[in-house]
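Heads up: the protein sequence lines correspond to chains A and B, in order.
For the first sequence, counting from 1, position 113 maps to 113 in the numbering used here; every step adds exactly one.
For the second sequence, counting from 1, position 157 maps to 157 in the numbering used here; every step adds exactly one.
No lab work stands behind these hints, which were simulated from the structure alone.
It is possible that some hints are incorrect.
Derived BS3-like pairs: lysine-lysine, alpha-carbon spacing no greater than 30 Å straight-line [to be verified]:
#: 1; chain 1: B; residue 1: 193; chain 2: A; residue 2: 99
#: 2; chain 1: A; residue 1: 125; chain 2: A; residue 2: 10
#: 3; chain 1: A; residue 1: 99; chain 2: B; residue 2: 137
#: 4; chain 1: B; residue 1: 107; chain 2: A; residue 2: 130
#: 5; chain 1: A; residue 1: 89; chain 2: A; residue 2: 192
#: 6; chain 1: A; residue 1: 199; chain 2: A; residue 2: 260
#: 7; chain 1: A; residue 1: 89; chain 2: B; residue 2: 137
#: 8; chain 1: B; residue 1: 172; chain 2: A; residue 2: 10
#: 9; chain 1: B; residue 1: 224; chain 2: A; residue 2: 128
#: 10; chain 1: A; residue 1: 32; chain 2: A; residue 2: 130
#: 11; chain 1: A; residue 1: 32; chain 2: A; residue 2: 117
#: 12; chain 1: A; residue 1: 99; chain 2: B; residue 2: 243
#: 13; chain 1: A; residue 1: 142; chain 2: A; residue 2: 128
#: 14; chain 1: A; residue 1: 10; chain 2: B; residue 2: 137
#: 15; chain 1: B; residue 1: 193; chain 2: B; residue 2: 107
Okay, the calculated bits of chain B under chain A, using three or more residues with CB under 8 Å as the criterion [unchecked claim]:
#: 16; stretch: 228 to 234
#: 17; stretch: 244 to 257
#: 18; stretch: 318 to 326
Far from chain B, some chain A residues (derived; all Cβ distances over 12 Å) [to be verified]:
#: 19; residue: 5
#: 20; residue: 13
#: 21; residue: 33
#: 22; residue: 34
#: 23; residue: 85
#: 24; residue: 90
#: 25; residue: 92
#: 26; residue: 100
#: 27; residue: 115
#: 28; residue: 125
#: 29; residue: 186
#: 30; residue: 217
#: 31; residue: 220
#: 32; residue: 242
#: 33; residue: 280
#: 34; residue: 293
Heads up, the beta-carbon is just placed ideally off N, CA and C, and yes, glycines get one too.
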Amino acid sequence: MNILEVAGLKTYFFTRRGTVLAVDDVSFDLRKGEVLCLVGESGSGKTVSALSILGLVDSPGRIIGGEVMLDGEDLRQYTPRQLRHIRGKRIAMIFQDPKESLNPVLTIGEQIMEPMKVHLNLSDKGAKEKTLLLLERVGIPKERLFSYPHELSGGMNQRVMIAMALACDPEILIADEPTSALDVTTQALFLKVLMDLKKERGMSMIFITHDLGIVAEIADRVVVLYAGRVMEKASVWQIFENPRHPYTIGLLNSLPDIVKKKKLIPIAGQIPGLINPPSGCVFHTRCRFAQDICYRVVPPEEEVEDGHFSACLFRGSADIIKASQGERI
Amino acid sequence: MAGKKASMGGYIARRLVYSLLIAWGILTITFLLLRLGPGSPADKYLANIAASGRVRDIAQVQAAIDARYGLDKPLYLQYVDYISNLLHGNLGWSLSTSLPVTELLSKHWIYSFELIFLSTVFAVLIGVSIGIYSAVKQHTKADYAVTVFSFMGISIPNFWLGIMLILVFSVKLGLFKTYYDTSLPLFSLGNLKAMTLPVITLGSGMLAGYSRYVRSATLDNLRKDFVRTARAKGLPERTVILKHVFRNAMLPVITIIMLDLSGVVFGGAYLTEIIFGIPGLGRISFNAIFADDYAVVVAVTLIGAMVTLIFNLLTDIAYTFLDPRVRYV
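In isolation and in its complexed conformation, chain B is listed as follows (with noise of 0.2 Å):
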């Protein structure tokens, strides 16, 4: 056993390395790219300065905002003061919001861990038991049902889907506010109601997509044979689902919640901020985009990179605990 953890340390230690190494390209690449489009940080600002009318040489503004943000130094320069200065904790200015990016991302982060933690947590209950509820009553209507609900689930887009729910449940039925409050508190009921809609948007199609892998990782291990040895032990069809199907069907279901959690809902959850007016990562990082904000864009990819390879590197370990054949050396 003392072997075993010696072992385990090692490889988490190296897959930490590597993981590093791959944000640092990731940042790397998402640097440059950001600086071969037209534009800069610097145009907006520059816009309503120009429009104001009171300054004759717009020339001399922008050669004076370029200075003070280090947009005039050559490209590796900024890149290199661009790493040093992430190295002490760092992540630049935002022009857009004329604040420092960490203060922006500590205020905003909340928002969209909220969203996307809800959402996993209503995605994964129910997915997965109606997953294995359909899986257990194979080709009855219910199933069936499941199916066809599992499909629109996956096929309806989430941006349509939540404009759906606002039309229907705030316009039509004024169940809810069209517009996400932030005066609420977050650990409250209305906040709570105020996630409804959203968490519904995101993790309907989470929902839709698991309950597909759970019932046909479930069908699958209903086949095995240790199944029908638990079976003849006796023991109650309960527990030889919940129990024995259960935790084989689990091992595939996993890896795809975990890599779920770090890709599509990143992604899905940038849509749901939008549509919903949340202000979580997604929704700034998208108007930053607008603004030519480089800071904010660049830090919002890089903690989706982080995010998406320590989930991975989570996935890995949690196999040694759940399924005793893996082992890591």
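Chain A on its own, in the form it takes in the complex (with noise of 0.2 Å):
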């Protein structure tokens, strides 16, 4: 069952050197208990669909499309005071840079039992137990609650951020690349706990990330944009076993394989400018297999087989299949 349904998501930039088509027309479901992630460059529009959903884009960015459907109803009807509601309480939401997202000024328990004063009335001491219960969950020592920011590490505040994010025990819980400011080690744990929590507590969940290793981790499904749009949709298997469009591909070649010592294949040249994008399938000005066709056509996204959603006029065609499976060897 679908939990979250995005429809025709636009969120455009009204720069003064122009309109720029962050995120054009983009869909996707989010199920019940499921762990989606979304894939793609810096630039692929993926946080700022993440914000759109919140309805957290800041001006010059305007939402001026498309429909986000929580539970059946759409968020995008919602006046602020509504969706103000909907936020930290029902879909919660973790940041990129846990030592920048949180408030340096205040002790890192005012900043989790905010949200509980505001969407559960909770007074100040059930609010206190309460998070001492979440710092303990999260493997923060409970004197800690006075302890600012500043000095935490930086594995500790993205943990103070999940205790802030289900302070009010929320439906959804989209995560924003939460682990690319930490070291490794620092990740593995940071991901137990998100994930651990996860289960417990049957959230859903959006998993922002450009780590492909996380990806076959975590997610169950899978959402690959590129330049604002999507390329490809489909379950974590098939994306890794059978992806159906160039751009992903691309993707899986320039990871390392330490087992088949496989030659990284990196992709040419850089996302384009959203500003003016290319003409039919904005991949094509990278894409090794563009034909004619892709500079003129906008490829729709068709089921290549069950769940499987690609956007390349070649879908599934053998040549591109075959091309590729030669280099990935």
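Grab the two chains, each in its own frame, and use the hints to assemble them into the complex.
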């Protein structure tokens, strides 16, 4: 069952130099209890998509189209006040850089208690008790309640962020590259705490990352974004075993594999400017299989196998797959 | 925590010693500079006697006065005398008013204090409020209006503003007296009314400055990641601004306000007191300079220096409470 449905989302940034099509017609579903990974390079629209769900896009950005359905209700029709009661209560979000994402002049206890006081009307005492439980759950000693963010390590701060996000038992947690500021050992501990809590509470999760290793580890399903558009949507197995879009294939080819010792093949070129995105398929400027038609036609998303969608005009084309498999060895 | 307090005490003690040394330096320089100039505290007195025509040998009278006030001694002995008197709490004798300087100061300081205190409260309350308001409403007509008025406030010299206010509100409209009425009790509505124009004169420049500083500090902090976190928690926008943004934005502004209190305010208060005939320290120091009344000028300068040094120290101490990241060792 889908708990969240994003359909035809368009979020543009109206800058002086022109309109940036940061998210252009993006659709995906989040099923109850699953981990959905949004994958893509920097600037692919992962973060903006997530922020759009909660209506947190800052000016000059604006959501200009699409629907965000939470349990059958369109959050885009909500007033700012109604939306505020969704944030932190039903959908919580944690961010990339934990040190920057916490207020430097407030204690972590104060910051964790805030959403409980706002959404659950808890007293100071009640909020404090619950905060101590949460801190214990994420593995932070309770005397840290009165610590400030600068007194904690990056990993601890990120666990504070989880405690804060879980303060009101949200149904959905959006995690925006929560591990990219952490070193590898801290990352592993953080992911374990996060996934344990997700299971415990039966939360659904949108996890944004560019780290395919993490995707393989935690994802149920994957949405591959490029230049503000969806390239491919599938289960994590389908993505890794049977990628059906040249961009996904490119991403996988730039991933080192210690067993096969295959050659790394980076995707040539850079993500295009989104003020004047390429015509037709946005990926055609970097696609090694691009044909004339790719310059003219915007490829629709089509189901290539059960629950596996590809936005490539040559989806499943034997040539591409053959060519790509030739390279992946 | 105990360690923090102990090192803080040591820090304050050290700063107090430095402050005394600096104050002593300023005292010495002022003392010497005044005596380098032409004229002597006895000049006016002598001129009066000479004009009366009752004394034949003016040189004899001058010698008598010089001997009486120690002006005939070598400079270093005058200095030693001054310092030793100062250490006994004696700031010297004011020749132009025929009063001990300590008595003169104790009679007049309250007027300066009142003017500075009221102006600061006025400027901080209004300046900070409109600073936050115009930051939140950035690029709206209200913001532009505030900007224009701020630049007017900063650009208009307060002596000119004072004279214009007297001209319009006292002379033309007759709302206020054209001079400050010293017969009013200090804590009365009448006195508060009499202080209105002086407070506007002295406060408007500060107000304009603070509104600019607060606006830019607020804008800086509005862009910070922790603001996005606060919004993602579902906090009301009011809480986001007045708690999360404000506490961080005020950190740099407090330095400016505290330094203003000692520097700009002291200077501006001089002029304002002179324009409105308020018998504060500025006014008596102004009179003393024209009368070559060394003792008064040195004493007022010393007070100004001490106030500046103490406010600097207070600012640093205040920071340990306002910004948990600041520690002194």
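Here is what the structure says about each hint:
| no. | hint | verdict |
| --- | --- | --- |
| 1 | B/193 with A/99 | 50 Å, violated |
| 2 | A/125 with A/10 | 43 Å, violated |
| 3 | A/99 with B/137 | 28 Å, holds |
| 4 | B/107 with A/130 | 59 Å, violated |
| 5 | A/89 with A/192 | 23 Å, holds |
| 6 | A/199 with A/260 | 33 Å, violated |
| 7 | A/89 with B/137 | 28 Å, holds |
| 8 | B/172 with A/10 | 62 Å, violated |
| 9 | B/224 with A/128 | 27 Å, holds |
| 10 | A/32 with A/130 | 25 Å, holds |
| 11 | A/32 with A/117 | 27 Å, holds |
| 12 | A/99 with B/243 | 18 Å, holds |
| 13 | A/142 with A/128 | 10 Å, holds |
| 14 | A/10 with B/137 | 26 Å, holds |
| 15 | B/193 with B/107 | 21 Å, holds |
| 16 | 228 to 234 | holds (count 7) |
| 17 | 244 to 257 | holds (count 4) |
| 18 | 318 to 326 | holds (count 4) |
| 19 | 5 | 20 Å, holds |
| 20 | 13 | 15 Å, holds |
| 21 | 33 | 22 Å, holds |
| 22 | 34 | 21 Å, holds |
| 23 | 85 | 6 Å, violated |
| 24 | 90 | 9 Å, violated |
| 25 | 92 | 7 Å, violated |
| 26 | 100 | 4 Å, violated |
| 27 | 115 | 4 Å, violated |
| 28 | 125 | 20 Å, holds |
| 29 | 186 | 19 Å, holds |
| 30 | 217 | 25 Å, holds |
| 31 | 220 | 24 Å, holds |
| 32 | 242 | 36 Å, holds |
| 33 | 280 | 35 Å, holds |
| 34 | 293 | 41 Å, holds |
Comparing the model with each numbered hint stated earlier shows that hints 1, 2, 4, 6, 8, 23, 24, 25, 26 and 27 do not hold.
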